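Just so we're aligned, residue 2 is where the sequence shown starts under my numbering, counting upward by one.
Think of the hints as simulated: they come from the structure by calculation, not from any bench. Just to be clear, a hint being listed does not mean it is correct.
As the list claims (entries may be wrong) - Straight-line alpha carbon distances no greater than 30 Å define the calculated DSS-like cross-link-like pairs of lysine-lysine that follow: (1) Lys12 / Lys202; (2) Lys45 / Lys177; (3) Lys202 / Lys50; (4) Lys45 / Lys337; (5) Lys10 / Lys45; (6) Lys45 / Lys35; (7) Lys202 / Lys68; (8) Lys35 / Lys12; (9) Lys50 / Lys68; (10) Lys337 / Lys10; (11) Lys68 / Lys35; (12) Lys12 / Lys337.
Since this is a predicted model, take the numbers as computed values, not measurements.
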Amino acid sequence: MENKQSTTKQKKIILLASVLLFLLVFIISFFLGKFPIAMDDFFKVVLNKIIPLEQTWSSQVETILFKIRFPRIIMAVVIGGGISVAGATYQALFQNPMISQDILGASQGAAFGAAMGLFFSLAYEQVISLSFIFGLLGVGAVLLMSRFLRTDSVLNMVLIGMMIGSLFSSAVSFLKLVGDPTNTLPAITYWLMGSLSSINKQNVVFAAPLILVGMMPIFLLRWRLNVISLGEEEALSLGVNSRVLRVILILAATLITASAVSVSGLIGWVGLVVPHFSRMLVGNDYRYSIPMTAILGGTFLLFVDDFSRLITTSEIPIGILTSFIGAPIFLLLIAKNNRSVRQ
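Can you build the whole structure from these sequences, using the hints too?
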């Protein structure tokens, strides 16, 4: 009993430490960029929104903080936390730590929607809307096909998702092939790399609430992930309807993924790697690992975005950096798991 209490206390301490780390990275991010902002100016500008102060800072500082950095930082946190939680949810539902949030075709569907919008030179808001709609349609097609084939097999659902994702990827390649090589092709290619450079207040208003709404049922039902990860028969014996729960959580994770991809493009590896780190820190209990995953995901993507803004004079798409960082880390995690299994 004492060991259990000490373990629970240790997990809470780790969660608190991760929150403090997140707050540190969050605040520092406002100072970083091509236009550095002094710490005293930052706090004066923020405080001025609450208590009117005598303006001793330039109007440019206020513009950069509230129109550029604030929306971008907020979306980096929300997207990073959201897709990490979605990845952890899929790993629990399909009982496979090697899959991520795009396993059922949400990301590929969103990519096709955005590519189609760019191909037809639609307005930015229309491109985002198409991306979001096709992200939902991708997973919807997987669920409908699973129902049509009368299969509830996790493996079959994953295979159908891979097939749907492959079709969308092929469609994107076709649009790139026939698109204008001067304008359309570069626009689609850059969007597929993933970036937060175009984030504005409208994106925050559109995507952030949807991502948070998608995260709510996952947080509320996270204790049931412990049950469903034991297997369908064990879940039924404990009174948990795994089929209904799986559909609810898949829809929630899809809403997160489609919303995130529609405004940021494809950002890989975050939803795959971050849940592993979370489980290393607080274990496999989803009551603790889901909140930890959200905190680590937001911190990680915010840190990488800060790095992308500073590493070169021209900004590097964040999707490239997450792949560079995520792939080696994932290999190290696999190697560590193999050593622990052998021991």
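Verification of the hints:
The suggested pairing of Lys12 with Lys202 is violated, with an alpha-carbon distance near 36 Å, which exceeds 30 Å. A threshold of 30 Å between alpha carbons decides the hint, and for Lys45 with Lys177 the separation of about 48 Å lies outside it, so the pair is violated. Between Lys202 and Lys50 the CA atoms are separated by roughly 17 Å; this keeps the pair inside 30 Å, and the hint holds. Of the pairs offered as hints, the one joining Lys45 and Lys337 is violated, with about 47 Å between alpha carbons and a cut-off of 30 Å exceeded.
About 38 Å separates the Cα atoms of Lys10 and Lys45, which puts this hinted pair outside 30 Å; it is violated. Taken as a hint, the Lys45 and Lys35 pair is honoured in the structure, with Cα atoms around 20 Å apart against an allowance of 30 Å. For the suggested pair Lys202 and Lys68, the alpha carbons sit about 7 Å apart, so the restraint of at most 30 Å is met. For a cut-off of 30 Å, the pair hint linking Lys35 to Lys12 is broken: about 38 Å separates their Cα positions.
Of the pairs offered as hints, the one joining Lys50 and Lys68 holds, with about 14 Å between alpha carbons and a cut-off of 30 Å not exceeded. Of the supplied pair hints, the one linking Lys337 and Lys10 holds, its CA atoms being roughly 26 Å apart against a limit of 30 Å. Pair hint Lys68 plus Lys35 holds up; C-alpha atoms about 15 Å apart against a cutoff of 30 Å. Of the pairs offered as hints, the one joining Lys12 and Lys337 holds, with about 21 Å between alpha carbons and a cut-off of 30 Å not exceeded.
When each numbered hint is compared with the structure, violations occur for hints 1, 2, 4, 5 and 8.
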